[in-house]
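Note that the protein sequences, when read in sequence, are chains B and Y.
With full-length UniProt numbering applied, the first sequence covers 1 to 308.
With full-length UniProt numbering applied, the second sequence covers 1 to 308.
Bear in mind the hints are in silico, worked out from the structure with no lab data behind them.
Remember, it's a predicted structure, so these values are computed and weren't measured experimentally.
Please note that the accuracy of each hint is not assured.
List time: in silico DMTMM-like cross-link candidates among lysine to aspartate or glutamate, alpha-carbon distance up to 20 Å [what the hints assert, rightly or not]:
1. Y:K279 to Y:E293
2. B:K181 to B:E291
3. Y:K214 to B:D159
4. B:K196 to Y:D197
5. B:K60 to B:E167
6. Y:K214 to B:E167
7. B:K279 to B:E293
8. Y:K86 to Y:E167
9. Y:K130 to Y:E59
10. B:K214 to Y:E293
11. Y:K196 to B:D197
12. B:K196 to Y:E183
13. B:K279 to B:E241
14. Y:K130 to Y:D159
15. Y:K37 to Y:E77
16. Y:K196 to B:D159
17. Y:K119 to B:D216
18. B:K119 to Y:E218
19. Y:K191 to B:D197
20. B:K191 to Y:E218
21. Y:K196 to B:E183
22. Y:K89 to Y:E291
23. Y:K196 to B:D184
24. B:K196 to Y:D184
25. Y:K214 to B:D216
26. B:K86 to B:D39
27. B:K196 to Y:D159
28. Y:K89 to Y:E179
29. B:K119 to Y:D216
30. Y:K89 to Y:D184
31. B:K214 to Y:E167
32. B:K214 to Y:D197
33. Y:K119 to B:E218
34. B:K89 to B:E179
Protein chains: 2
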Amino acid sequence: MDSLHIFAPATVANVAAGFDILGFALNAPGDEITIRKTDTPGITIHNKTEFASMPLAPEKNTAGVALQAYLQHLGSEHGFEITFLKKIKPGSGIGSSAASSAAAVFGANELLGRPLERKDLVQFAMQGEKLASGSAHADNVAPALMGGFVLVRSYNPLDLVTIPVPENLYASVIHPQIELKTEDSRRVLRKQILLKDAVVQWGNTAGLIAGLFKGDYELIGRSLQDVIIEPIRSLLIPGFESIKTAALQAGALGCSISGSGPSIFTLSTSEATAQTVAKAMQQMCSQQGIESEIHVSPINTQGPRIVQ
Amino acid sequence: MDSLHIFAPATVANVAAGFDILGFALNAPGDEITIRKTDTPGITIHNKTEFASMPLAPEKNTAGVALQAYLQHLGSEHGFEITFLKKIKPGSGIGSSAASSAAAVFGANELLGRPLERKDLVQFAMQGEKLASGSAHADNVAPALMGGFVLVRSYNPLDLVTIPVPENLYASVIHPQIELKTEDSRRVLRKQILLKDAVVQWGNTAGLIAGLFKGDYELIGRSLQDVIIEPIRSLLIPGFESIKTAALQAGALGCSISGSGPSIFTLSTSEATAQTVAKAMQQMCSQQGIESEIHVSPINTQGPRIVQ
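Just chain B, with the same shape it has in the complex (with noise of 0.2 Å):
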């Protein structure tokens, strides 16, 4: 087989207290591309999507980034061509320039007849990141990639751990519509915090961990508190507030920052809560004036998928 169609999901990175270490997988969105094994060498991307703004040069293409950095260290001479057909808004806060990449590689290693293990393809998908985002980030790449939340232990090695997804865990995100560039959400970030807001994150952290691999949905709902990201971001979200405490009272078990936003992801025990919080979080936003998209889906546990 030379040419296959592919599906990478739409991920939401931090996960409230895993600031650039945790992240997960949703159903949908994601991007679909089809990937074709050329015999000439060269990377070829062409734009099916209703995006216009896709560079096509693969040295400026987050996708063509991480698939070169695959085909390098196989000292493979095959090509590719990339067709996109559908692509989640660039600039969401839900891993639109991940789902590019790790489509990319992810296709070219099924057509490769796969060399190499979803895990390992992180490594080339973060060269994408690095692209989009100026750091090797893995917080998307990774669920991207190997589907399910995953913990990014380290960097420096890599060093990456599955985490269990409790059943009928459901997501809700909203994606306001508004402009908010990733370097400008990290730029307002403080190179210093105190010790003390850092003792009650990584408690939380701990306890999202605990509470993922107990099924605990009431500690999972107690550890989605983010003291240190989300006070300062959230300023650059009009209306946070007011869609976070609207998206807990119609039942969510928390509510944060999606990434770097200005999405914003609640969980939830069913998919009928996952609804009703949608919803109420897209009449608050429209309330303060604001367009928005909802997206409500289980937690993706697969990752990448070869679409028939």
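On the provided structure of chain B, position chain Y as indicated by the hints.
Just chain Y, lined up with the frame of chain B:
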């Protein structure tokens, strides 16, 4: 029954990346007391240990303060007579005051027909910690009362989470015979830390919790790193780096300061390795011209117990 003989375990707090939020209990050493219920109110304390310095006035004794808080909560009219038989060496950094408080409230709770669960006794034992160190920490008293590894997810409200103990996990503890006051160990810490260090720390906190749930000894070992507290506090412990290196070379999974020191703990996957590690640490300590005591123990999963 009006009188009981109680053992309460020593504990290791912080556990590298879990500063102020994580601790575990040891089978040995520990405190031993007899506790007798009397019909007239008031707490009387006797000292039959080798440590003459223990204050006997209940309001100045950690166990007395903890027991008083417990009795006030219940509105009990009973009095209690406590006799300390064995005591963990004070100032060792393995929860000497916590063991005393735990033994007292556990014993009284048994003699009163167990009106409260163990978890609910922690808040009273914390009052003993407040007397001992100036702040009501739970990372020693919680495992001293509940056994195993206990996560203090939050202090306000108090939220305690039991973490599973993998089989065949052994602790080695070395207590260099130097004086190090808890308040000094607290005072040297910086109030502000770098966000990038905090990210490394909560990656390791999360990794340690995941490793304990998975029973993944290698992950536990990789996660036993403290980039915030240990680099500062270790300066107060002569030869710390060489003792740690000796422990790791002897096969320990990881090594860090126990509580606020000066004791140093390690974890190993067999009793034989834990013994070898303890001896290697003691030899290195001796090379610095410092006497030491060593303890090797499985993780205590029971908490306090009645000695028959």
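Hint-by-hint comparison with the structure:
no. : hint             : in the structure
1   : Y:K279 to Y:E293 : holds, 10 Å
2   : B:K181 to B:E291 : holds, 18 Å
3   : Y:K214 to B:D159 : holds, 15 Å
4   : B:K196 to Y:D197 : holds, 14 Å
5   : B:K60 to B:E167  : violated, 39 Å
6   : Y:K214 to B:E167 : holds, 18 Å
7   : B:K279 to B:E293 : holds, 10 Å
8   : Y:K86 to Y:E167  : violated, 29 Å
9   : Y:K130 to Y:E59  : holds, 12 Å
10  : B:K214 to Y:E293 : violated, 38 Å
11  : Y:K196 to B:D197 : holds, 14 Å
12  : B:K196 to Y:E183 : holds, 16 Å
13  : B:K279 to B:E241 : holds, 16 Å
14  : Y:K130 to Y:D159 : holds, 18 Å
15  : Y:K37 to Y:E77   : holds, 10 Å
16  : Y:K196 to B:D159 : holds, 17 Å
17  : Y:K119 to B:D216 : holds, 18 Å
18  : B:K119 to Y:E218 : holds, 17 Å
19  : Y:K191 to B:D197 : holds, 10 Å
20  : B:K191 to Y:E218 : violated, 31 Å
21  : Y:K196 to B:E183 : holds, 16 Å
22  : Y:K89 to Y:E291  : holds, 14 Å
23  : Y:K196 to B:D184 : holds, 17 Å
24  : B:K196 to Y:D184 : holds, 17 Å
25  : Y:K214 to B:D216 : holds, 16 Å
26  : B:K86 to B:D39   : violated, 26 Å
27  : B:K196 to Y:D159 : holds, 17 Å
28  : Y:K89 to Y:E179  : holds, 11 Å
29  : B:K119 to Y:D216 : holds, 18 Å
30  : Y:K89 to Y:D184  : holds, 18 Å
31  : B:K214 to Y:E167 : holds, 18 Å
32  : B:K214 to Y:D197 : violated, 28 Å
33  : Y:K119 to B:E218 : holds, 17 Å
34  : B:K89 to B:E179  : holds, 11 Å
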